[in-house]
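With the hints as your guide, set chain B onto chain A.
Spelled out, the chains give:
Number of protein chains: 2
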Amino acid sequence: MTPMITPVLLCGGSGTRLWPLSRKSYPKQFVPLVGEETLFQASAKRLSGRASDLAFAAPLVLTNSDFRFIVTEQLMAIGIDPGAILIEPEGRNTAPAILAAALHAVATDPEAVLLIAPSDHVVPDAEAFRAAVARGLGAVAQGDLVTFGITPDRPETGYGYLELASAPDASGAPVKLKRFVEKPDAARAAEMLAEGSFLWNAGIFLTRARDLLAAFETHAAGLMAPVTAALAEAKPDLGFLRLAPGPWSEAPDISIDYAVMEKAPNLSVVPFTAAWSDLGGWDAVWRESGPDAQGVVTSNGAIAIDCENTLLRSDSDRLEVVGIGLKNVMAVAMNDAVLVADMSRAQDVKLAVEALKKKGAAQATHFPKDHRPWGWFESLVVGNRFQVKRILVHPGAALSLQSHFHRSEHWIVVEGTARVTVDDKVTLVTENQSVYLPLGCVHRMENPGRVPMVLIEVQTGAYVGEDDIVRYEDVYART
Amino acid sequence: MTPMITPVLLCGGSGTRLWPLSRKSYPKQFVPLVGEETLFQASAKRLSGRASDLAFAAPLVLTNSDFRFIVTEQLMAIGIDPGAILIEPEGRNTAPAILAAALHAVATDPEAVLLIAPSDHVVPDAEAFRAAVARGLGAVAQGDLVTFGITPDRPETGYGYLELASAPDASGAPVKLKRFVEKPDAARAAEMLAEGSFLWNAGIFLTRARDLLAAFETHAAGLMAPVTAALAEAKPDLGFLRLAPGPWSEAPDISIDYAVMEKAPNLSVVPFTAAWSDLGGWDAVWRESGPDAQGVVTSNGAIAIDCENTLLRSDSDRLEVVGIGLKNVMAVAMNDAVLVADMSRAQDVKLAVEALKKKGAAQATHFPKDHRPWGWFESLVVGNRFQVKRILVHPGAALSLQSHFHRSEHWIVVEGTARVTVDDKVTLVTENQSVYLPLGCVHRMENPGRVPMVLIEVQTGAYVGEDDIVRYEDVYART
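Here the protein sequences come in this chain order: A and B. Residue numbers for the first sequence follow this note's numbering, beginning at 1 and rising by one. Residue numbers for the second sequence follow this note's numbering, beginning at 1 and rising by one.
If you are wondering where the hints come from, they were derived from the structure by calculation, not from laboratory data. Treat the hints loosely; a few may be bogus.
[As the list claims (entries may be wrong)] Listed next, the in silico DSS-like pairs over lysine-lysine satisfying Cα-Cα at most 27 angstroms (straight line):
id: 1; chain 1: B; residue 1: Lys350; chain 2: A; residue 2: Lys327
id: 2; chain 1: A; residue 1: Lys369; chain 2: B; residue 2: Lys389
id: 3; chain 1: A; residue 1: Lys350; chain 2: B; residue 2: Lys327
id: 4; chain 1: B; residue 1: Lys357; chain 2: A; residue 2: Lys327
id: 5; chain 1: A; residue 1: Lys389; chain 2: A; residue 2: Lys359
id: 6; chain 1: A; residue 1: Lys359; chain 2: B; residue 2: Lys350
id: 7; chain 1: A; residue 1: Lys358; chain 2: B; residue 2: Lys327
[To be verified] Residues from chain A that face chain B, not an exhaustive set, calculated with beta carbons under 7 angstroms:
id: 8; residue: Arg210
id: 9; residue: Ala234
id: 10; residue: Ile324
id: 11; residue: Ala352
id: 12; residue: Val381
id: 13; residue: Ile412
All C-beta atoms, glycine included, are put in the ideal place defined by N, C-alpha and C.
Just chain A, same shape as in the assembly (with noise of 0.2 angstroms):
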C-alpha cells in the first residue's frame, strides 16, 4: 500500500525582510516572487498528489485570521482542496501550531504521517523533493522523527546547520542526527562547508503524529494542556476551525526546534541535494532568480544597462523601472513603495520598514492590495474630500450589509454585473452602469455572477477612512 502523507502547511507568519513585496498585511508566502505561482501555492502544490512510492492527502493548514481567505482564493487558483484551516488566534510560533496540527490529525487517523513545511520556501525540483520525502519513511515507520538536510553549496552563515553523526552516502538514505548547530560565523561556515557532514536546516518535518505527539509529551509537556483545549474548544466558521484565544494564550511561545526537536533522540535526518532557499532576504530571492552571466536579474520587464550583480523588479504593470551602471545593488519598485538597497544590507531590510512606522506610513505594513472575504479593493487616489478605489468580487461573493456617516459614494460596474441593494431596493447593476448611494443610505454590493465583478468606486465626503463603516450583517461574521 502506498503510504499516504498529510501535509502540514505553515503559512500564518509574516516578516519583514523582503519588504515591499512582502508586508504584514500581506507576507511573502503569498506573493509570486521567483515564478509565476505564489510560494504557498507552490509548496501546496509540491506536497500534492500522488507518485508511485508515496500519495498526499489533502493538507491541513495552519494559518492568521487575517490570511485565511488569501488561503482559500489561493488554494482555490490551483484546485487544491484543503483538509482543514485551523486559524491561530495569535502566533505563538511553531512550536504550538504544529502540536495544533498533530493533535487535529491523530482524532482521525492515530497513524497519520505529518510532512510539516513552511510554505515560503523554495524548491525548484518538487519531484526531488519528494523522493526525500519517500526516502524518510522507512526511518519514520520505526518511529523516528524524521528532517530535511540541505548540502550546503556555500559557507551560508545566515542558517542553522544539522550535524549528522556520519557523512550521507550517495544514496541518499537517512542519518543519525548528532546535534543541531546554530547560525555559524563566516569561518566556521567554511569549515563546515568542507567537513561535509553538516547540512542546512530546513525546518521541515517527516513523522508520524502519535510520535511527535510523544515527544511533545516528553519534551514540552507544558504546551499539551493549552493546546488540546484550544483545539477542544475551537469553533467552526465558514469552513475554517478557530482555535479557542483563551487556552492558545497561555501556550508558551517557542519554535519547534527549542522545544522538541533539539531534545528529541530519535532523529533523522534525510539529506536533499538539490536546490534550496527560505528566501530570507532580496539577496536570496536574486540568487533563485537564476542572475545571468553579469549577475543580473530583471523582472517585469525592467531594464538593466551596464550592470553587475543586481537585481531590478518593477513589481506593477504601470511602472517602469531602468538601472544604469549600478554593482550590487537590488531594487523593487511597487505602486506605493520602492526599495533600493545595497545587496550586501539584505538583512537591514527591516529597517526600512521601522523608518516608515516611525513616520506612519501605511506602506509598512499594508499592502496595496487590500484583501477581504468577498475580494479585494485598491485606492487609485486618495484628494481633497475624495478617494477612488478599484474593487473586485469574486463570484457569489458579498459585501456587508453597511452604512457610511462622512461619504457618498458612486458605484460604476467596469465588468461582470453586480447585485446592488440600497436601502429597500435592490437592482442588478452591469458594465457601463452606475449607482449612487447617498450618504446615510443602507446598502450592499454582492456578485450573483459566475465571473469577477469589477466596479470603481467613487468616494465624495469630509472623511474617507476605512472605519467610517457601520455593518448590519456580514457573511463573514464582521458585524
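Below, chain B alone, put in the same frame as chain A:
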C-alpha cells in the same frame, strides 16, 4: 532714467538627461527640480520687476506648440503677464529663435535691450544675478554683445568656457572676450580652473536688439530672410503668435554661439561669482539640492539609511522611497517610472530613454499628467475594456465638443462645478454628482466657476485610446 530690459525666455527645448522627471512632453524647465517653483517660473521671476538700477519689461517667451499652455499656466500662477509668446513651428536650435525675438522687439522699440536666457538654469541668488546684469549695461550702451561667465568652482568638463582677455577684477566689471573654448578634458579643465581667466559659458546674453541684428547681418546673414518672413507671416492664435512654418523650416538649424557669438568681435563678459547650474544631469540636481554631511539628498519624504553621496527622490505623494547602504547612487521614483543609476553615469540617462522607446513604453516621452489647454488629466488605471482618469479643468476653461465611437463615459465631479453638455441638454454638475455619456453622444465639459473643477472619468468600451475622438468645436482651435 532706469534702463528697461526685455527678458527673452527660451523654453522650447526638451532633453532626456533628467528622465523620468523631464520628458519630451513635459521637459525639465517646467518641473520643480530644486525648490518649490519650476525652473521656468524661477527664471521668469528672476528677470522681472524693478530694482534701483534696472527694470524688466514683460518677457518675450519662445516656445513650441506643445508647451504653450504650460507656459501660460505657469506664468499665470506667479502673476507674470508675458509681453508675447512666440511659437516655433519646429525646433531650429537657438539662433533662429533669438533672431525672431530680436526682430519682434525692434518692431515696437528700436532701442530695445534684451536679456536672452534659457529657462532651465538654477541661479539661487537672483539679486546677485540682477546686479551682474546691471554691470553689463555700460558695455551694452557702447554696442557690445554682453555674455555672462560663471566663475568655476571645480574642473568641470561638461561646460564650454569663455577665455577672457584679462583676469576679472573684484568689481565684476565686464571684460573683453578673447575666445570661446569647447568642453575640455579633465586635465585641461583643471589647468583652466588654476589660470583664473576662464569662466563657464552660461549661454546668457545682454544686448541691444539692433546690435544683435547687425551681428546677424554680418555673421549669419542667411538667417535673416527666412526668420523675417516667418515673423512677418506669423499668425496670432489665442494670444500666441505662431511663426510661419514655411519660411521657418528654411532657417538653418544652428546655435547662437556658432552663428554669431563666436564670430563677433564686440563681445564682453560679465563675471558672475555666485552659484549657477544648468542642471545638466541628476548629479547636478544632487549638487544643487544641498547634500548633507554624508552627501545625501532626499525629497518628498524619501528615507536614506546609511547612505553616502546619494540622491533619493520621490516625486509622488503616493510613493515611499527607501535607500539602504547606497554609495554614489541616484534613485528617482515617479508613479509610472523609476530610475536607479550610479552617480557617475548621470550623462547616460538618455540610454534609459532609448531603451524604453525601443520597447514602446510611453514613459520614454510622455508625462503621467497630460497637460492640455484647459487643464490636465492623468490615467489612474487602465483595465480590460475600461480606464479611469482624474481630470482637472481650469476656471473658465472648456474641453472641445466631442464624441467617441468606442466608449461610454461616467463623470463624477469631486471638486468644483462642471457645466456639461450632452447632445441638446446642458446641466450643472457639482461635487458628488455624476452624469452618464452614452457611446456616440455629442458632449462637452466646461468649468464655469471660479475654482478648479476636478472630476473622475470612468470610460468603458472596447477601445479607450486618446485617438477615439471626433471634435466638433474647440475654443483652442483643435478641430
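Fill in: List of violated hint numbers, smallest to largest
Numbers 6, 8 and 9, in rising order.
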